[in-house]
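Just need the whole structure built from these sequences, with the hints factored in.
Those sequence lines, one after another, are chains Z and V.
Under the working numbering, the first residue of the first sequence is numbered 1, with each subsequent residue one higher.
Under the working numbering, the first residue of the second sequence is numbered 80, with each subsequent residue one higher.
Please note that a few of the clues may not be correct.
As the list claims (entries may be wrong) - Not everything, but these chain Z residues come out facing chain V in the computed CB check (under 7 Å):
(1) Ala23
(2) Leu26
(3) Arg29
(4) Ile30
(5) Asp32
(6) Met33
(7) Gly34
(8) Ile36
(9) Pro52
(10) Lys59
(11) Tyr60
(12) Ala63
Hint data in this document are derived by calculation from the structure and do not stem from the laboratory.
Backbone N, C-alpha and C define an ideal beta-carbon position, used for all residues, glycine too.
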Amino acid sequence: MNRIKMREMDDNQKGVISAIKVAGELGRRIRDMGLIPGTEIKIKGRAPLYDPIVLQVKKYILALRNSEAEHIMVDVDEQ
Amino acid sequence: MNNNSTGKMQMQADKQIALAGNPNSGKTTLFNELTGSRQHVGNYPGITVEKKQGTCIQDGYKINIVDLPGIYSLSAYSIEEVVARDFLINEKPNAVIDIVDASNLERNLYLTIQFLELGIPLCIALNMMDEAETRGMRIDEKRLSRILGVAVIPTVARSAKGKDQLMAAVMEMMSHNKEYTPLEISYGSDVDSALLTMIKEIITADFLTERYAARWTALKYLENDAQMIAAGQEKNPVLSARLLKIREKLARHLKDTLDTYPEAMIADSRYGYINAILKQGVVQYSHDENKLYLSDKIDKFVIHRFSGPLIMTAVLVGLYQFTFAYSEAPIKWIEAFFEWVHAMAASALPPGLLQSLVVSGIIDGVGGVLGFVPLIMFMFLGISILEDSGYIARVAFMLDRVFRMFGLHGNSVMPYIVSGGIAGGCAVPGVMAARTLKSQKERLATLLTVPFMNCGAKLPVFAMLISAFFVNHKAQIMFAITAISWAMALLAAKFLRLTVIKGESTPFVMELPPYRLPTVKGLFIHTWERTWQYIKKAGTVILGISILVWAMMTFPQLPEEKELMFAQEQLAMHSAYPAAVANELSIKIDQKKLSSAAQALKKKLSHIEGKRAEAALRHSLAGRFGIAIEGISKWAGFDWRTNIALVGGFAAKEVIVSTLGIAYSLADIDTEAFDSLSETLAHSPNWNPLAAFSLMLFVLFYAPCFITVVTIARESGSWKWGFFSMVFNTIIAFMISVVVFQAGSFLGIGIRP
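Below, the structure written as structure tokens:
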């Protein structure tokens, strides 16, 4: 197990969210969209200019900026 | 007995139902199914989020249905959330239908839980059951209903499945006068004990209890909800400060012990509660969860690094072709119709002021605007397809990096597109669409620059000039104009974000909804609503403006001695020919059957009439103004007629066409010989492709129409920004037009030999 920031994840990599390291509006928005500790996610890819990131959360697809993925810690398998 | 009858009376009075749920949960589709065409769109008082209302008849009762904006949470993150929350709390609808996307049950229930925490009469429409089934989910709705304590009705809104059962459940719920108590869930011992302390304080002080349940107020204080805290601060600043202190203490404790925040604890507890429910046998998965679904397969190409932008460009260009190709024929029919009305009115009314008012002021003015209804309809049909299919969100996703570069947000794409980023929008709803942006600075930058876009009212001007001067390059010029408008809007936004409105950017986090085939009914309703808004504007504002412009161009009238001079000149011309020729003119209407002498006389007479009309127009208020600024405007290639039209265009851009039309039909001698204004311009010695292009650029960028200016002032909360947009835009537009016209003249591009 390895704990990294979501923005450092590779395309098609899977992981489980371990912490959201931000409070206030951004933190609330991230949680409202279903990104909470314990949630399994999979990076689907990145926009043409490598930002924002697309990821799958359960059965839906979310997009968020690199600067936002910076605050989300994810447990991933060792590569 | 007496009691019973009043109870019955109340039952017969109107009932109000609200539809609430996540975006893309099929809420609007269900709304359309329930209300059909009995709906109308307005705004919530004081703000500009769309308020969709409709009625439906059920068991003999007339029921009002309100389609609340789609939201993910009741956290006051966006204006939509505030609107939905305020509606549920203040309007107290008799029932709330919560539309839950069954295929995304967990996240949708997050909102449901918050509705239950609020304690409102709730009924769940478990929608998209078909999609959930194809994804291998089996949902036990009866068990879910039992656990939540509310009715859960499976539906498929697209095919109206479950609609009757849903309405029956809602009617059943409204028939008993039940008290709805808020759901209380545990958020962990630390949060719970803070909540209890706060609730005690709130109840003792009777703090905001007339609007909110004490627990809800406390919860919102813990969530650091800006709207609730502002309301509390106003009501009782001392208690509010004490509540904030409790929150602060809890926040510190949570940070020290668990490295988390109160609002995070609350959110996590809600999700925990939902998971506990789902684990009680509510959902069963029958096959592989990670299977690739159609939407994923499509996205492999549609948002792919290389094919994505190519597909996006192709879609946008395709939209132009679609709009122009299909609207051509109906536009011709409408034009023909108004020409017929014009001729009918001209022959039915005696010549004079009244005829001039009806024919030139009213019929031509309204006809010119309505002629473009097909164009706008096809454009909106195209946009509705992109919106309803889920593609627009992909555009926002792909363009976010670019928009951020200019100090905007990926969501700025919506206001831009609504305003005419895809040609044919309108800056008024565009400025209003900027409401979805949370950050004041990005919102302000967006709403100040959306008027640069290629709006539907500018389209008639461009279409007219294009068919006069660039007839072989229609689609290319239209595409170029839109590309230029984007570049200019983005540069202006960057300029504003670096100077007048500096600041940080806001959260982006958004859903890319699964691709869905738009329903014909939904497309029809969306297209019609938007087109109808345009027609209403044409019928009211434009008609008034058209009459005003006519008056400006008619008064003051020529002094009597001048009129007399022209009359004498015509009389002299008459007497220069034999009486038989003059007689021939007054009898025969068909010009081709006239003798050559009569034709010559007619030409000379109308030449004098043209001179008279031109003198009259120059004498009028508008003419005087146009001439006064001709000295400056000629640098951009505009003569006084264009100046008059541009002044009219401040009232509404489509007025430019009708004003030019009036200007030429009043002042030009040969109007009868030509079918349309564009042909008149194409043959006028004062015009050439360069002047036309310079005018197109000016029209694209100069002061927004006054309705937009008013909207900007209202949306930004200050008239300062309304005036700013008028002055700033006009200066930019004039500078660009002068540069283009002077450079073109110097290089000899676009000038007639």
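For each hint, the structure was consulted:
1. The criterion of a C-beta within 7 Å of any C-beta in chain V is met by Ala23 of chain Z, whose closest approach is roughly 4 Å, and the hint holds.
2. With its C-beta approaching chain V no nearer than about 5 Å, Leu26 of chain Z sits inside the 7 Å limit, and its interface hint holds.
3. Evaluation of the Arg29 of chain Z hint against chain V yields a held restraint, the C-beta minimum of about 5 Å falling below 7 Å.
4. Interface restraint check for Ile30 of chain Z: the shortest CB-CB distance to chain V comes to about 6 Å, inside 7 Å, so the restraint holds.
5. This hint holds: Asp32 of chain Z has a C-beta 4 Å from the nearest C-beta of chain V, less than the 7 Å allowed.
6. For Met33 of chain Z, the interface hint holds, since its Cβ comes within 7 Å of a Cβ in chain V; the closest pair sits about 5 Å apart.
7. Given hint, Gly34 of chain Z at the interface with chain V, holds; its Cβ is 4 Å from that chain's nearest Cβ, closer than 7 Å.
8. With 7 Å as the threshold, the beta carbon of Ile36 of chain Z comes within range of chain V, its nearest partner Cβ sitting at about 5 Å, so the hint holds.
9. Taking 7 Å as the C-beta cut-off, the interface hint given for Pro52 of chain Z holds, the closest approach to chain V being about 5 Å.
10. A cut of 7 Å between beta carbons decides the hint on Lys59 of chain Z: the least distance to chain V is about 5 Å, and the hint holds.
11. Contact between Tyr60 of chain Z and chain V, as hinted, is supported at the beta carbon level, the nearest pair being about 5 Å apart and thus within 7 Å.
12. For Ala63 of chain Z, the shortest C-beta to C-beta distance to chain V is roughly 5 Å, which falls under 7 Å, so the interface hint holds.
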